[in-house]
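Got chain P sorted already, so can you dock chain L onto it with the hints?
Listed here are the chains, written in short residue letters.
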Amino acid sequence: MSAPLVEVSMISRSYSMRSGMFGRATAVHAVDGVSLAIAKGETLGLVGESGSGKSTTGRIVLGLEPPDRGEVRFDGKPMAALGTAAWRTQRARMQMIFQDPLGALDRRLPVATQIREPLDIHGLGTPAEREERVRELLRAVELTPAHGARYPGALSGGQRQRIVLARALATKPDFLVCDEPVSALDVSIQAQVVNLLCDLQAQLGLTLLFISHDLRVVRQISTIVAVMYLGRIVEIGSADDLFARPEHPYTQALVSASPAPGRRSAGRIVLAGDPPNPAARPQGCAFHPRCPRAIARCASEVPALSAVGGNRQVACHLVTGAETRDAA
Amino acid sequence: MAPLVSIEGLSIAFNDVPVLRGVDLALGRGEALGLVGESGSGKSVTWLAALGLLPRHAKVSGSVRLDGRELLGAPAAELDHVRGGRVAMIFQDPASALNPVLTIRKQLCEALALHRDLQGEAVKAEAKRLLDLVGIPDAARRLSAYPHEFSGGQVQRIMIAMALAGNPDLLIADEPTTALDATIQAQILELLSTIRREMSMAMVLISHDLGVVAENCDRVAVMYAGRIVEQAPSNQLFADPVHPYAQGLIGALPPLDGPRRRLTAIPGTVPDPAHMPSGCAFAPRCALAAEPCGLAAPSLALISDDRTVACIRAEASRRTLLGMAAE
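So the protein sequences, as listed, match chains P and L. When we follow our numbering, the leftmost residue of the first sequence carries the number 1, and every step to the right adds one. When we follow our numbering, the leftmost residue of the second sequence carries the number 1, and every step to the right adds one.
Think of the hints as simulated: they come from the structure by calculation, not from any bench. Note that beta-carbon positions come from the ideal geometry of N, C-alpha and C, so glycine has one too. Treat the hints loosely; a few may be bogus.
Chain L is faced by these chain P residues, among others (derived, beta-carbon under 10 Å) [as the list claims (entries may be wrong)]: (1) 156; (2) 187; (3) 259; (4) 277.
Listing some non-contacts, in silico: residues in chain L with all C-beta distances to chain P over 10 Å [stated by the list, open to error]: (5) 59; (6) 85; (7) 275; (8) 276; (9) 292.
One chain only, chain P, in its complex shape (with noise of 0.2 Å):
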């Protein structure tokens, strides 16, 4: 395998948090040694509940914000720091879509301007060259040049989307992290925009970091998927493979929950208990109070990631590679 385009290695976040006015401020783990490896042309897609920390990881990834420990490196460089001008230029190279496309863009402006601006701020290219990548922008997202003389408030919520996503194009990244981009939309949109995304990722040979609570999106798209609780990377492993068969006992919870017509929920996995706190989390595996196979080892000890067969890495100490397999 060819050297990773994004690599991040142990990064951690927390920020303090004070529960009332004269609490005591505590701090909330969001990210906690996190590990990633993307190549070049790959997907990968991070699911995991709300507050699991996948988009605290995004947004470390994008250098929008500071990881406390750990690193991240861009095409083998580390990244520069925030506002320099060499964070700048590595930063036109990378680019991030949102959930919601109304509030990423200006509505007093006309969506072909807000697509422009990227090229207006990186200085990439004559005025003339920059209306002509406009045009091509548009094009590239199935749109026509008069949507771009539209503002954004009439515009369909799919084709809002598109403008983002034609705007973060614009300075021809290698890396776009996209943050849950098509949660907000109707199922047959969303289902035109996956399709647009894998088309135009296979095109540009575009590197992605794809964040969602989806587990059917993310498998759509994604050549490989991580699992999130808590702030830790639970289960990672190739996107085929692991929702057909996942090991650690959240991901096999997280499968089961999500409905699928035709399935009747006979022996379905019903976690009980509520989704954690992540400024209060449990000792050892921050599962284990949820999990239904729960060891006395499991509230002491936090289990690490380790291989398990073939590309998939579980943390877990129940599923220790080949005998649960076999067991299996």
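Only chain L this time, still in chain P's reference frame:
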């Protein structure tokens, strides 16, 4: 047996823009009906109109009968008895449906006092029983807590408890799990189906998630642009959808196992209610559309004992499907 609720020719317009264009729907006692469709298809507005919860400028016509009694235009006193009493409703965002400055006990007891003939200690005992029923641990103590002290999943449980306060015959759950995480969604759906069985209550589950509806309902109605386009038992609908829109919705859903395939996206977008195409509203996006589709809107027609479809190309669409299966 007479249906519990029967809706006939229900139409709604806001400022002369029609949003619901003739909906016919019947719901039996104890039945679980799923309503799917995209935003703006009229899923929620159907039931808001049925319960008289729309603003005054909404023009509502048609008929909604509960046990044979007309609800549209019924006197306020009668509707007060129906709403929260015989028909209860829960919404997507439970946190905004509770009053943040009152304890759970106050809010639960209010619902109980309104709909049940209970006084004093009996009200409090019943409130505790309801919280136990929906699986809030340590119910007696948690009654004095405020909404913000509960997690999102627990707040939805509390909303369900309030909905059950009047012993309703029908619960309308409007996207009850959309704002919740996957594992919590599974808990709430299980709770709803247990309660429904135990209280033999009918349920209308409104959702944009086909999977949620498929697993939790006996029968499903698919809505598009203010009409029902297909109605079928849920296992049949998902195994063999007939209306091209229903087929499109199912094809647009990425599979969770098996080989990955390119998603069959439905081209275009939902029509603007103010500029509805003449004829079938789905025709501009439909791969099977033919000339007659633009002339008149198709009405729901029986295609077997318990299935109806509003599509003049239904036969053709079925043939395409069967042809695909035969290949």
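Status of each hint after checking the structure:
no.: 1; hint: 156; verdict: holds, 5 Å
no.: 2; hint: 187; verdict: holds, 5 Å
no.: 3; hint: 259; verdict: holds, 3 Å
no.: 4; hint: 277; verdict: holds, 8 Å
no.: 5; hint: 59; verdict: holds, 26 Å
no.: 6; hint: 85; verdict: holds, 30 Å
no.: 7; hint: 275; verdict: holds, 13 Å
no.: 8; hint: 276; verdict: holds, 16 Å
no.: 9; hint: 292; verdict: holds, 24 Å
Of the hints listed earlier, there is not a single one the structure fails to meet.
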